[in-house]
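Asker: As a plain string of letters, each chain reads:
2 protein chains.
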Amino acid sequence: MVADMASGRVIGVDLGGTKLLAGMVDSSLNVHHRAHRFARGSDTTQVLDTIVDAVREARDAANGEVDAVGLGIPSLIDQERGVAVTTVHLPIRDLPFRDLMAERLGLPVFVDNDATAAMLAEWRFGAAVGCTDAVLLTIGTGIGGGMVANGELVRGAQGAAGEFGHMTIDIDGPLCPCGAHGCLEAFVSGTALAREARALGLDLTAAQVSELAHDGHAVARTLITEMGSRLGAGIANLVNACNPQVVVVGGGVLAMGDMLLAPAREEVARRALAPSRDLVQIVPTRFGAESGMLGAAVLALDGVAASEA
Amino acid sequence: MVADMASGRVIGVDLGGTKLLAGMVDSSLNVHHRAHRFARGSDTTQVLDTIVDAVREARDAANGEVDAVGLGIPSLIDQERGVAVTTVHLPIRDLPFRDLMAERLGLPVFVDNDATAAMLAEWRFGAAVGCTDAVLLTIGTGIGGGMVANGELVRGAQGAAGEFGHMTIDIDGPLCPCGAHGCLEAFVSGTALAREARALGLDLTAAQVSELAHDGHAVARTLITEMGSRLGAGIANLVNACNPQVVVVGGGVLAMGDMLLAPAREEVARRALAPSRDLVQIVPTRFGAESGMLGAAVLALDGVAASEA
Numbered sequence: 001m002v003a004d005m006a007s008g009r010v011i012g013v014d015l016g017g018t019k020l021l022a023g024m025v026d027s028s029l030n031v032h033h034r035a036h037r038f039a040r041g042s043d044t045t046q047v048l049d050t051i052v053d054a055v056r057e058a059r060d061a062a063n064g065e066v067d068a069v070g071l072g073i074p075s076l077i078d079q080e081r082g083v084a085v086t087t088v089h090l091p092i093r094d095l096p097f098r099d100l101m102a103e104r105l106g107l108p109v110f111v112d113n114d115a116t117a118a119m120l121a122e123w124r125f126g127a128a129v130g131c132t133d134a135v136l137l138t139i140g141t142g143i144g145g146g147m148v149a150n151g152e153l154v155r156g157a158q159g160a161a162g163e164f165g166h167m168t169i170d171i172d173g174p175l176c177p178c179g180a181h182g183c184l185e186a187f188v189s190g191t192a193l194a195r196e197a198r199a200l201g202l203d204l205t206a207a208q209v210s211e212l213a214h215d216g217h218a219v220a221r222t223l224i225t226e227m228g229s230r231l232g233a234g235i236a237n238l239v240n241a242c243n244p245q246v247v248v249v250g251g252g253v254l255a256m257g258d259m260l261l262a263p264a265r266e267e268v269a270r271r272a273l274a275p276s277r278d279l280v281q282i283v284p285t286r287f288g289a290e291s292g293m294l295g296a297a298v299l300a301l302d303g304v305a306a307s308e309a
Numbered sequence: 001m002v003a004d005m006a007s008g009r010v011i012g013v014d015l016g017g018t019k020l021l022a023g024m025v026d027s028s029l030n031v032h033h034r035a036h037r038f039a040r041g042s043d044t045t046q047v048l049d050t051i052v053d054a055v056r057e058a059r060d061a062a063n064g065e066v067d068a069v070g071l072g073i074p075s076l077i078d079q080e081r082g083v084a085v086t087t088v089h090l091p092i093r094d095l096p097f098r099d100l101m102a103e104r105l106g107l108p109v110f111v112d113n114d115a116t117a118a119m120l121a122e123w124r125f126g127a128a129v130g131c132t133d134a135v136l137l138t139i140g141t142g143i144g145g146g147m148v149a150n151g152e153l154v155r156g157a158q159g160a161a162g163e164f165g166h167m168t169i170d171i172d173g174p175l176c177p178c179g180a181h182g183c184l185e186a187f188v189s190g191t192a193l194a195r196e197a198r199a200l201g202l203d204l205t206a207a208q209v210s211e212l213a214h215d216g217h218a219v220a221r222t223l224i225t226e227m228g229s230r231l232g233a234g235i236a237n238l239v240n241a242c243n244p245q246v247v248v249v250g251g252g253v254l255a256m257g258d259m260l261l262a263p264a265r266e267e268v269a270r271r272a273l274a275p276s277r278d279l280v281q282i283v284p285t286r287f288g289a290e291s292g293m294l295g296a297a298v299l300a301l302d303g304v305a306a307s308e309a
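Chains as they are written, first to last, in my numbering: chain A, 1 to 309; chain B, 1 to 309.
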């Protein structure tokens, strides 16, 4: 009997800008407990406390028997040092996230960008299983991106790859908060959809536009169709550049389903070249809102397996 | 003494749409002989005959002592079967290129896409040496592209990755011959530059616009500056997606030098996100018009090394 017998269970944490999901997950990716937190915390300490608290809840549900914790955070991650260099929407900057959390939790901790984590879950267990080349976009308030090439996750030279939201698709288009014009995110996001609705005199959230469209509201449907076409132009660029077997779309916009994805597929057929356009499948995430949490769990499972090898 | 003692010399062939360059190259990438051909051949047999003829000239210059031949062709290549599936501007389609050429030349033959070959040469010996992540655009009549991620060439699921020319940068922009609107190639190419000049009443080739600009012609300079900005928007998309250490620009447009690259760099600074935009270098190819030929030679050198290992 070894001192640290592996339980085969880990905790995956998806830290969003406004909410947090921690799941106690086994090596078959079954989720045994979920801990939700809705406060984002106004400073670094509060954010870290919220994570620790949710992880403890998930660990208690497993009677303490977990091997490691994986964290997906909306940050640029320096993988070598485990440092969160910059973070969108959260007060986390130049923070030695991995070591800090490992010390507070008393467990091995593995950290990655949240969209990269979502790509990992979908690639290893979900909508992109078996692909050598794949792309993922998670579309909510903004756009996150992940990529697989040659059967490996692509993080880029600094861990900053996958910024598909700031791809120019309309060089003289509307101003994006990033300061550039015509970024994909300025057309395709909850924020953009609400703005377009407002321009037509409809004071609605993206979720409300989606609900109205499901109920058959013609203007709401048109808004979503147009957003789908713009999304398709962005996806076509990725298809032409990367020749992936699959493009996985996740995030809050999935509530729109094929109202969004059908026009996106049509635009890809128009703008991507053969043979890439004929091969690629444009599909929703398998794990929906849990891709990020499950990907963080896969990070931890992989990390444990590597340390035992 | 072994029967097939390696000479350490190979022949690299870059097959363009209108011309061909074959070079006899040693393992330090010194070029000992160059064979040029300017006829493209109007059918498959003529194209193959032209290649065989140029390879023989290069081989004769080495007294027959070459180990292998590498071919870079503007085709979609099925790497497993060595088949040229489709080819732009040349009558080559569904052709078992590798085996055909090996039979006719009596030498081992290695085949890849020409832009991938150029990326290989620049990555291993040129402007992208030491990079884990890099992107190459060769811009002439059209745009070819190559990519390195995680320290490996990226070819995509079918060998069709790197089609950067058909990246949408202006969703309602001018019609591209591919049938879509606002492709990068519709703004950035010799063809596009000549079209823009014509729209201003100047009946000039791209090379003539470049010459006039070098002589200080204001309108010609403006045309090139605008093309550089559009190029920068396309490069920014690749920088945001891939976070490369370097973007290498090659092809005929290099004659424009910093008249083209300076506005491209400015646009990347505006449109790419930190930290990617601060890291990336946008540089000309080291090997100029010979990147493709040298990359084909590297293919052959690698192939010989692998077969001896």
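One or more of the hints may lead you astray.
Stretch by stretch, here's where chain A covers chain B in the computed footprint (C-beta under 8 Å, at least three residues) [claimed, not checked]:
(1) 51 to 64
(2) 131 to 140
(3) 242 to 248
(4) 272 to 285
Sample of chain A residues lacking proximity to chain B, with all beta carbon distances greater than 10 Å (derived) [as the list claims (entries may be wrong)]:
(5) 18
(6) 170
(7) 207
(8) 255
In case anyone wonders, no lab produced these hints; they're calculated from the structure. Note that the Cβ used here is the ideal one computed from N, Cα and C, for glycine as well.
Asker: Confirm or reject each hint.
Answerer: Here is how each hint holds up against the structure:
Against chain A, the stretch 51 to 64 of chain B contributes 0 residues with a C-beta closer than 8 Å to a partner C-beta. That does not satisfy the three-residue criterion, and the hint is violated. Only residues whose beta carbon comes within less than 8 Å of a beta carbon in chain A count, and the stretch 131 to 140 of chain B has 3; three or more means the coverage holds. Only residues whose C-beta sits within less than 8 Å of a C-beta in chain A count toward coverage, and the stretch 242 to 248 of chain B has 4 of them, enough to reach three; the restraint holds. Given a C-beta distance limit of less than 8 Å, the hint that chain A covers the stretch 272 to 285 of chain B holds, as 6 residues qualify and 3 suffice.
Residue placement check: residue 18 of chain A keeps its beta carbon more than 10 Å from all beta carbons of chain B (closest about 22 Å). The claim that residue 170 of chain A lies off the interface is violated: its Cβ sits roughly 5 Å from the closest Cβ of chain B, which falls inside the 10 Å cut-off. For residue 207 of chain A, the non-interface assignment is confirmed: its Cβ lies about 26 Å from the closest Cβ of chain B, beyond the 10 Å cut-off. Listed as a non-interface residue, residue 255 of chain A keeps its Cβ farther than 10 Å from every Cβ of chain B; the least gap is roughly 25 Å.
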